[in-house]
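There are 2 protein chains.
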Amino acid sequence: MTMPNGYSGKILRVDLTRLSSEVEEPGEIFYRRYWGGKGFAGHLLLKEQSAGTDPLSPDNLLILATGVMTGSNLPAMPRFTVCSRSPLTGCFGESEAGGWWGPELKFAGFDAVVVKGCAERPVYLWIRDGQVEIRDASRIWGLDTVDAQDAIREELGDRRIRVAAIGPAGERLVRYACILNEGKHANGRNGMGAVMGSKRLKAIAVRGTKPPKPFDPEEVHRLARWYAAEYLNNPTTRILYEAGTPGLLSGLQASGMLPTRNFRSGSFEGAESIGWDAYRQEIFAGPRGCFGCPIRCKREARVEGRYTIDPRYGGPEYETLGAFGSACAVSDLRAIAKANEMCNRFGLDTISTGITIAFAMECFENGLLGIEELDGIELRFGNADAMLAMVERIARREGIGDLLAEGSARAAAQIGRGADRFAMQVKGQELPLHEPRGKPAVGLGYAVSDIGADHLLAVHDPGLQMRESAILKVMAPLGVLEPIDTLDLGPRKVRAFYYAESIFAFWKAAGVCNFGYAPRVAIPFEKFISMARAVTGWDTDLFEISKVGERAINMSHAFNLREGIRRRDDRLPERFFEPLPDGRLQGTALSRQEYEEAVTLLYQMKGWDPTTGFPTRGKLAELDLDWVADLLCSAGVTAW
Amino acid sequence: MTMPNGYSGKILRVDLTRLSSEVEEPGEIFYRRYWGGKGFAGHLLLKEQSAGTDPLSPDNLLILATGVMTGSNLPAMPRFTVCSRSPLTGCFGESEAGGWWGPELKFAGFDAVVVKGCAERPVYLWIRDGQVEIRDASRIWGLDTVDAQDAIREELGDRRIRVAAIGPAGERLVRYACILNEGKHANGRNGMGAVMGSKRLKAIAVRGTKPPKPFDPEEVHRLARWYAAEYLNNPTTRILYEAGTPGLLSGLQASGMLPTRNFRSGSFEGAESIGWDAYRQEIFAGPRGCFGCPIRCKREARVEGRYTIDPRYGGPEYETLGAFGSACAVSDLRAIAKANEMCNRFGLDTISTGITIAFAMECFENGLLGIEELDGIELRFGNADAMLAMVERIARREGIGDLLAEGSARAAAQIGRGADRFAMQVKGQELPLHEPRGKPAVGLGYAVSDIGADHLLAVHDPGLQMRESAILKVMAPLGVLEPIDTLDLGPRKVRAFYYAESIFAFWKAAGVCNFGYAPRVAIPFEKFISMARAVTGWDTDLFEISKVGERAINMSHAFNLREGIRRRDDRLPERFFEPLPDGRLQGTALSRQEYEEAVTLLYQMKGWDPTTGFPTRGKLAELDLDWVADLLCSAGVTAW
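Here the protein sequences line up with chains A and B, keeping their order. Numbered according to this note's numbering, the first sequence spans residues 10 to 649. Numbered according to this note's numbering, the second sequence spans residues 10 to 649.
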């Protein structure tokens, strides 16, 4: 059966301990209240999982959820989310990916897959048009991600099967192991691959032939044509089309905010060697994209010789160029491309891997890690081969890799002697490659993020975007009517962040790529609302959408409260309150007072107590989350 | 000059002490941030007026403000608001009216008139196409409202002039004196007529020939045609068209919630004699309406004989039928029509007048007022002639009328001996004719209203409306997806109230009549948004609109905080916690616990401290009202 409104209406439940499955149909209001992704997962993780569940135990639910918009015939809506309690942060865990897997799951008749328990021996799931099979994975356990994918396709005799798989890193429970589909679309962050590994679940293979019908196919078609005619006229979408995210690197270097040497500096002397011009000339092999998206922001790379890479694993994106390039002070683009290939092969998050290695480099240079502890490797900034050796060790948990596989926060605690000052992490997750001193709203986002430091929380910096009047116009329906200075972190910036955060949380729930629709891309909200209406048939609008986003945020926040997370955990590394030593922003630091005030204001805007972080019962009721208030109350983490 | 987006861009400032005027042009962002009416007024009253200003002193600003939509060629957008510190409540004062005056002011080139000071001798303002004249009113001082209007028209030699005037009650500073245009469109509540009287301002006459152009005239035309084709298919709009508000009375009686004998009961034995069937047969003389509105919900009445009325003053609406009818236990429709005519003639609010008399009746029947104190009048429930005698005495402040002209709260304090238990008022303003025990959300609205008991705060009862699936569909874009029981006052009802309250505050700011657009009328929000866009050219939506409404509410709330108003003042009369003695709802009472919890939840939803009512700085910043936070801080009424 295909539903006439963008979703299949069915959620697949799999119990790997019992090797059983069932199908749940939660009804239309559930879909409209939560929209998918983080929304579904927040609901399930709060209702069905106890506080204190070990992230790597069978009791931890692993939820792979599309959104109501995922897989519609509109551009840039390929995304799905994996959620669980994170083994990296101990918080609500969440990681989105594009590619083809999400749409394929929906075409196979399911909006989400919820996995609990743990198989006795390695297995994979085979989902095909409403049916599921739990199959033996002994033969593919141990394989790299694309090899596993190919083996499954071969075993099932269908090249068009989409596979989300873990690699050796997930099998070995590296705390920031990821899940990959097509070898290059990663649910990268929060160690969702380790959760999958802990369940002995190597992969989920899907094949579907029945896309849900949109409510109004003609309108969907019309809007898709509008988008296709528009996206190259828009500067941001055009850059993404032409250069992908690597196109952003040179601008950040010029602005003095390219994270360099583990965020010690914002200016990298080797930036030119790793920017888009070099990339295009030296390693670019063509654009790649996701289901239904004309932007095709992903890059394929080709490298031969010393750092030969397997092109099936794609080329590095901006975050990876930053993490293995400027942050490790490596200016050899081929070595970075190799690190990227290895991460995708082994199933490692490139950001956490790169920043954990940068952390180790700084520890080494400061005498906190000796060469004997580093298995004889001279792990200096700029040493590309040492860096690559570390990637492999981490994936296999060999030698020092076993410590670094725990992430920078745990490693720092183990090393001691003040090593934590070199761990560029929030709530245990390593920072993406955006310099808070140059984009203070991103810093605010890192700090308050429910999933640890994350750069997909809101507009990268509402102020940054405000300089363009076209973008200001896009933000106007949110009531943001005047430009805000980029370096400002005052009340108006916090307000813009708060509004944008809800919308971004909605994109994540609904399966929408923020590259295709976020304010800075200057696609009017009005157009997106028309799209949402055409797909779902619901008379929705920006008000409802914003509340859906805020609802998802409050559910993950409640999850964290139940796990003991408090405002004190919304803590940026000290480094960002010290001035940048060089580059265009030389001398710029975050003001601690302004930053603390910003967090307080944001909490108040959210209806959260600024000391404890407890939401008021009224705020939860306003989001139709009375049940969360009751749950927090009985968990004893609030006092109403 | 006419502006291409629904407003003239000019605000007229008049100083009656100095007999001077000036024109202010606050710029487009001001208009988009506040939209008009209460939004403009909140901004001005907070920024320009000191706390503790005597409402009847020259320093109290009197603001007459249209909204951005007022006078557009769309149906049901004729409204303007008068704001000031209220002499009845001491709170933020606000009262809207329909008719023609608002559109005419805008056509004359002004979006608002702000009056300060006090003239030495009576004056009126004459505003014509961008010019203003302060004219001597000695000749018309003392005249009834329509006589004053006619005298001005004659003096200026133009029958098409629109006049907002006070009558003898406003001149004598009756605390609930109102302002009338066309003798039947009242800015009824909060005593705005007394403020006008205190300034010796008899009237404001306007004539304009230059309507602002809408941004997209063709779209406005198309939407107006859509409305014209639609409104008779809609049950609520159709009732208003056919029977006006008097059509509501019989349903309320049948439901057991027709306020009777000063709210002692919800069932009136004489209901049939004062309902729409009797009205139509006995006194109805035709429908009347407001600028540009096809609904024409106003009634003209004709009565000859003992209670002969001047038809220029219109016929009673539902509130007046209730106030002088069931609340005073008067079942003679002609006497009620006469009371209505007298109120409109003298410039008295029919609700406060009727309920203050009902209060006095109950005092008399309980021995708290003796016949000698009542000037020899036997003021029993049901005594129509006694009631009419009181109306006249109040308007002229003669005998007992001088006490009752102070309103029921002040009169009760004067009478003492527990008379306050018979004063059906909140914050000093008498209750409209809606029984909180039958519509608990209306009761909640009465209690928390910034302007004292008011029935235009939100949907009359979201629950009541939820029974119709069409209405539920209209509320869905606000995320209200499921029906809520009418008598419920739990979290889901409070949430629906909170959302609707913001939208209703927006209607008031923008100049829109809630009869024409409110959710219960089942005009989809989407259509209204299209209208707002077509008029203004702004890419607005429900999100922004809701914030505009919430912004206005927070400004008036801040005004009240500065005047010492606290949550303890959000207090319903005790009567409503006692069971109704008869009728369909016999035995029904509000639960005090549920009610207190509802207020707490609502405060929390609003981001206000549930004990003090102070908004958080973050909440104010979220509404772009940092300046209000600073202002409250320096007024010492918050502790951040």
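Calculated directly from the structure, the hints in this document are not laboratory data. Misleading hints may appear alongside valid ones.
Because identical chains cannot be distinguished in the list, a pair is counted as satisfied if it fits within a single copy or across any two copies.
To be verified - Subject to a maximum C-alpha distance of 27 Å in a straight line, what follows is the list of computed DSS-like cross-link-like pairs (lysine-lysine):
(1) K125 - K556
(2) K19 - K56
(3) K556 - K56
(4) K556 - K536
(5) K482 - K222
(6) K556 - K219
(7) K482 - K219
(8) K222 - K56
Cross-check of the supplied hints:
| no. | hint | verdict |
| --- | --- | --- |
| 1 | K125 - K556 | neither (29 Å within a copy, 42 Å between copies) |
| 2 | K19 - K56 | within (18 Å within a copy, 56 Å between copies) |
| 3 | K556 - K56 | within (20 Å within a copy, 32 Å between copies) |
| 4 | K556 - K536 | both (18 Å within a copy, 21 Å between copies) |
| 5 | K482 - K222 | between (33 Å within a copy, 22 Å between copies) |
| 6 | K556 - K219 | neither (31 Å within a copy, 41 Å between copies) |
| 7 | K482 - K219 | neither (39 Å within a copy, 29 Å between copies) |
| 8 | K222 - K56 | neither (30 Å within a copy, 54 Å between copies) |
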